[in-house]
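Q: Here is what each chain is made of, one letter per residue.
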Amino acid sequence: MSEVSSIRLENLKKSFHQREVIQNLNLEIQQGSFVSLVGPSGCGKSTVLRLIAGLESPTGGLVELDEESAGHFGFVFQDANLLPWKTVYENVALPFELSPALKEISQDEIKDRVLKILTQVKLQDSQHLFPHQLSGGMKMRVSLARALAPKPRLLLMDEPFAALDEITRYEMQIQLRDLWQQEKLTVIFVTHSLLEATFLSERVVLLKGPGGRVTLDRKLDLPIKRDDSLRTSESFNKIIQEISAGLKA
Amino acid sequence: MKRLTPAFIFFVFVTAILQVLIKQDVIHETLIPAPSSVWNTLLEMKIDYVTSFLQTLKNTLYGLGLSILIGSLIAIVFSLSDLLKKAILPFAVFFQTVPIIAVAPLLVIYFGFGAPTVIASSFIVSIFPIIANTLMGLESASSAQKDLFRVYHGSALKTLWKLQLPVAYPYIYSGLKVSAGLSIIGAIAGEFVAGGGLGAMIDAARTQQRVDIVFGALILLSVMGLLFMGTLNLVHRLINLRRPFPAGEL
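Those protein sequences? They're chains A and B, same order as listed. Residues in the first sequence are numbered from 49 upward in steps of one, following the working numbering. Residues in the second sequence are numbered from -13 upward in steps of one, following the working numbering.
What the hints contain is simulated information worked out from the structure, not anything from laboratory work. Please note that the accuracy of each hint is not assured.
Quick look at which bits of chain B chain A covers, simulated, 3 or more residues with Cβ under 8 angstroms [as the list claims (entries may be wrong)]:
id, stretch
1, 134 to 142
2, 146 to 152
3, 223 to 231
Lysine-lysine pairs mimicking BS3-like chemistry, simulated, CA-CA at most 27 angstroms apart [as the list claims (entries may be wrong)]:
id, chain 1, residue 1, chain 2, residue 2
4, B, K148, A, K151
5, B, K148, A, K134
6, B, K148, A, K199
7, A, K199, B, K144
From the three backbone atoms N, C-alpha and C, an ideal C-beta is built for every residue, glycine too.
Using the sequences provided together with the hints, build the complete structure.
A: This is how it looks when you write it as structure tokens:
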């Protein structure tokens, strides 16, 4: 893993109607790392993600993205957030229609990229379907494909698997790990599930509200290649217990 | 076809009952004409009816077309400018409450007798649902959908074209259905004062106490309304065959 910083948050503050949701948050995330922001509901973890994405403006402090990531990131929302009148293919190609930074890319290249990412998320046979014809897991894979199709260097994910059933969620987690390794992305993953954060990440940052204080910031000593057997391993459960204690503290 | 069978049976039943009641003098024919009299009048005066029908239809379509064009543009401008919306929309709401029959004489002064007044009357009555529904639809995109477009720096124009308008589709369709009916009402009110079409025919029949002519014209106006609704339904089905636009909460 590179030690070059991809994102730097310095004394970050955010208030909504005089309620301070984020209070002097300092965080540095390295290029190519997979970091999970974990915490209870209302601790400000989604707000941090939105601040990084520029969907919210900070009340104070600084959000600094490296040159590669700035303006070239993907965002996966809590819901798949697909446009119901567009096919799977068209939904995945949407960033190319919208982003001024991607307008130079030729139609052939767009087609190649969209079909390649659809193959990676195992949806190549569903490209002509509309969202209402897909299962929850398939919708989320389209959403992931849409975020990855423009080849971003940074992927921001806001509890993307929260609404999925457990089996689909496990499948998606493994798929996401594989994609992260293949694409060498920086991933910031927001979740309230310790199990999910530990399974997916190299580093877990525990936030506690109000104010989004960092109460634990831990690098995980787990194998790069992860599969379902890890979930029942001793080392995995030991880490969960440790983070869980941090959450209760 | 199966769907229409109960309505058809009900229509035949009511027509038969009316025919009997009127022919037995239970209801006087000067109040409600016998269905057979209306049918005969329709046949006898078919040239007058067809000419008037086409005249009203043409002016209504012009009025409705203008409403769709101008109403949609106004809604789009309002959706882009909160200030304009706040400044002008209350007056549009106020103006909508003024009965068209009270405004129609003014239109004759401004546009003279004939088609321009009828078109203006139809336009005035039918534009408000287009503005209100289109505006509501344009503002109905979810915050998550708007965020998606913001993440990819979609311009205001692209957001309008690729998000707001498709999301607004069910609202626009619903507004069109309301406006289509209102445009006929507006045209008839215009024809009462400016002449021409089925409106003038009804007005002339009133002075002669010819309720059969009035009922004949009413039937044709209903046919016009059904034609509008049928066309809108057909277009809606064709669009939805190609694209599953959101149904909205309508």
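Q: All hints, please: hold or fail.
A: Here is how each hint holds up against the structure:
no.	hint	verdict
1	134 to 142	holds (count 8)
2	146 to 152	holds (count 3)
3	223 to 231	holds (count 3)
4	B:K148 to A:K151	16 angstroms, holds
5	B:K148 to A:K134	10 angstroms, holds
6	B:K148 to A:K199	22 angstroms, holds
7	A:K199 to B:K144	22 angstroms, holds
When held up to the earlier numbered hints, the structure conflicts with none and fits them all.
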